[in-house]
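Below, each chain spelled out in residue letters.
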Amino acid sequence: MTLSDLATRLELRVYTAALPLDRPVGGGYASDLLSDVIGRARKDDLWVTMQVHPNIVAVAVLKDLAGIVLVNGRAPAPETVEQAMREKVSILGTRLGTFELAGRLYGMGIKGS
Amino acid sequence: MSPRAVVERARAVGLDLIAVTDHNTTENAAAVIEAARGGGPAVLPGIELTTAEEVHILGLFDPGTGLGPFQAEVFRNLPDVPSKKKFVKDQVLVDAEDYVTGFSPRCLFGATRFSVQEAIDLIHRHGGLAVACHIDRESFSIISQLGFIPPGLALEAVEVSPRLTVDEARAALGPFGPLPAVRFSDAHKPEEIGCATTDFLVASPCLDELRRALAGEDGRKVIPS
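Those protein sequence lines, which keep their order, are chains A and B. When we follow this note's numbering, the leftmost residue of the first sequence carries the number 18, and every step to the right adds one. When we follow this note's numbering, the leftmost residue of the second sequence carries the number 23, and every step to the right adds one.
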């Protein structure tokens, strides 16, 4: 399952439109504490969060995450999108909340650790 | 934490300078400033702002600053959720004689809409110093919420909680970069006042000297504990 597949099936908004969405998603992690994501997320995870600060890009790079989905309709800060484009980290978004999105992802085979 | 109790305890433990930093409000600082008049300590009005990322940022101001416009801006950016009665009971407004003069109806424990950057900018626009609070804690710390201290933030300092020394925090969290580190009590009860303190080499206990000490200007400095 790639980011593109998930974006289509879950009607995700893509904030980093110029980046390819061909990266495979290996699993998922949901957390709003970036220190926790640094500690526990795994490579190729799709990260579900409501944090929109530019640091989310650095954390995604550090952990080599597949991408980030912002929940509750939250839009990334402009600097966050700029950094994401620079670092080639895909940021997507949904109106769904964390619980609902995680449930749908799980139903599509995206599992946690 | 009534004004008189705060002043009495600060005097008893020998503090020269304290700051009143309620969550998201500066409204009670004037009462403590008034209560300390005559016998000290010097009192700075301040605030512990909760940002949208749920990071706590301390704002410290000069007592001469009219903080009305600052406070209005904070209230405009707190969610307009009336606090439930059981919480409002704790959000008292007081005078220098410890009389309760009212209750703050806002959810002061909530997060404002300010990002960390916006909170720091707001504090600076009103002449204040911005300090990232208790960076070693597992909640409401810039490191817990954002993973690391974003480079380029114009913070004046970072604060380590009373649990750790500055050296222990550096060992646990890695280097803080060029930011000076201080330890404050974060007292929520009178008996906690003075449980962590920072010594500054300054000419007098005031905001401007504190600013110069944190910047290491003109011989002023933070004395390592």
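The hints are simulated quantities; they were obtained by calculation from the structure and are not laboratory data. Hints should not be assumed to be uniformly reliable.
Stated by the list, open to error - Partial selection, computed: residues in chain B whose CB lies under 7 Å from chain A:
hint, residue
1, E75
2, V116
3, S166
4, P172
5, G174
6, L175
What the hints assert, rightly or not - Negatives, chain B to chain A, calculated, CB over 12 Å:
hint, residue
7, S137
8, E160
9, S163
Quantities reported herein were computed from a predicted structural model and do not represent experimental measurements. Using N, Cα and C, we set each Cβ at its ideal position, and we do this for glycine too.
Violated hints, by number in ascending order, as checked against the structure: The structure breaks hints 2, 5, 6, 7, 8, 9; every other hint is satisfied.
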